[in-house]
Amino acid sequence: MIRKQSSSSEISVQRELLFTSVGIKGSGAMRYGAAMFLYNVGLVNKDMLEIYRICSKYDHENPLELAMSQGITLPNLDTKGTMEPTS
Amino acid sequence: MDVKSENNDIPKQWDRRGLPGWCYHSPALLELEKKHIFTTHWQIACHISDIPDAGSYITFDLFKERAIILRNNDFEVLAYHNICRHRGSRLVIKDQGKCPNALICPFHGWVYNLDGTLRGAARPDSFPDMNKDEFALQPIEMEIWNGFVFVRFKPGPQPSVAKLLASFAEEAASYRMAEHVPTDGIWTEQSPVNWKSVRDVDNEGYHVAMAHPGLQDLYGATYYDTPYIDGISRSEGAFTPTKGRRWAVQNYKKFSKPQDHLPSRLHKSWLYWGIFPNVVIAATPETVLFYQEFPQSTGTSILRGGTYRNANEDRQQRTARYLTSRIDRETVEEDIQLTIWSNEAMASDFFKGFYLSDLEYGVRTYHDHLRNILPVYNLEKAPPEADIASLNTSASITTNETK
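Protein sequences, first through last, are from chains A and B. Here the first sequence is numbered in the numbering used here, starting from 30 and rising by one per residue. Here the second sequence is numbered in the numbering used here, starting from 1121 and rising by one per residue.
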């Protein structure tokens, strides 16, 4: 696995990309790319990363709904928009 | 450079023959050409304006190799092999597009940063620790010259693009080509000829008066070209002072106006810079364009090109550019027909080979560049296909160059 130190601003950018609106063209790939980044810094777990991979080619597929249907722990977000490590 | 000041005199005695006919339909020779002429020489992949944003990319395939040219988040232009480090799949499958944030392999989902480093493998828990640089995309040699992005898949005999084209530098810079923007994108077209027949037509202006009524009307007898010297050639046609007989030319001469950024001597000229082995960059007051050809088989080629315009053109310039494209499109169609006639001669048992005019000396000097790389072109009679590669490396082939 690639573990790296990332700046908080880059984490913030990738977090925004992770929550690109479902349905936007290219959003599936955008979310998966961001998920991989956030996995590397410990903010997305491996099961959730796999959900984002499954949904990466399907822009209309909501990864969070798929994750919930499979009982997978969602990225831990608070309402202020920060993320806590999930793994 | 002042090209005209160079000694481009045509020798009094020169070998007026072209390449032997067998060179136009030999599969074994084609394989040598792919390896030693195309893969090892600079090729234009695109113009920087084709990839305007971070994450914008364009792909460029050359035989079994494939490149992706993209902009990273710092807006730098980078070139990589379009090959995933996992199983070798294409990372991007479209000719052109945008991959904001990351490149994602469509096969298994490996993710790459826009700087080429590996962001991560899909199912990372199924691999040992991986170094992002060790598994980075493989870079391709790339150089940007006046906005045109050149790539070279393997090292070859040419110097850097800047050095190769140094004699055009001042003239090219005056066009501000790097600031141009695309008109209609990059086009490709299949042509039913050997690629060398395209070059054989393009490397001389002797046919203009007979075959290109539009160009003749535009610049007529002012057209001249220099022979190929050290891998480059240059042609120029200055507008004749006549009103123009053909509709497109007549109106083009009327609407084309001096561009402030160009020196006065280029206000009414079309230029062509030839770059060995298969590229031409052309400049008019309103546009710059490139075109090139690649062999698909011994009897088919792919023509490829793109046209770019001043970013801030006004209505009159736009009209002139449209008329330029009309004249140019007509010329391309005429040239394609000429290449077909030239190419079919090479299959005839009764064609005795070229006998070139002094006005076609550029064809000969171009062929000499080919002969320098592949001596087997010097064999007048078709050797057995199985022997061509070994004969090419044999010292027994005597050169047949114009000195």
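Heads up, some of the hints might be wrong.
[As the list claims (entries may be wrong)] Simulated crosslink set (DSS-like; lysine-lysine; CA at most 30 Å straight-line): (1) 1218(B) to 75(A); (2) 1274(B) to 1184(B); (3) 86(A) to 1155(B); (4) 1252(B) to 1154(B); (5) 1155(B) to 1283(B); (6) 54(A) to 1154(B); (7) 86(A) to 1274(B).
These are calculated hints, taken from the structure and not from any lab test.
Cross-check of the supplied hints:
1. 1218(B) to 75(A): holds, 27 Å
2. 1274(B) to 1184(B): Within the cut-off at roughly 13 Å; holds.
3. 86(A) to 1155(B): violated, 37 Å
4. 1252(B) to 1154(B): Distance ~33 Å between residue 1252(B) and residue 1154(B) Cα, so the pair is violated.
5. 1155(B) to 1283(B): holds, 23 Å
6. 54(A) to 1154(B): violated, 39 Å
7. 86(A) to 1274(B): violated, 34 Å
Of the numbered hints given earlier, the model fails hints 3, 4, 6 and 7; all others are met.
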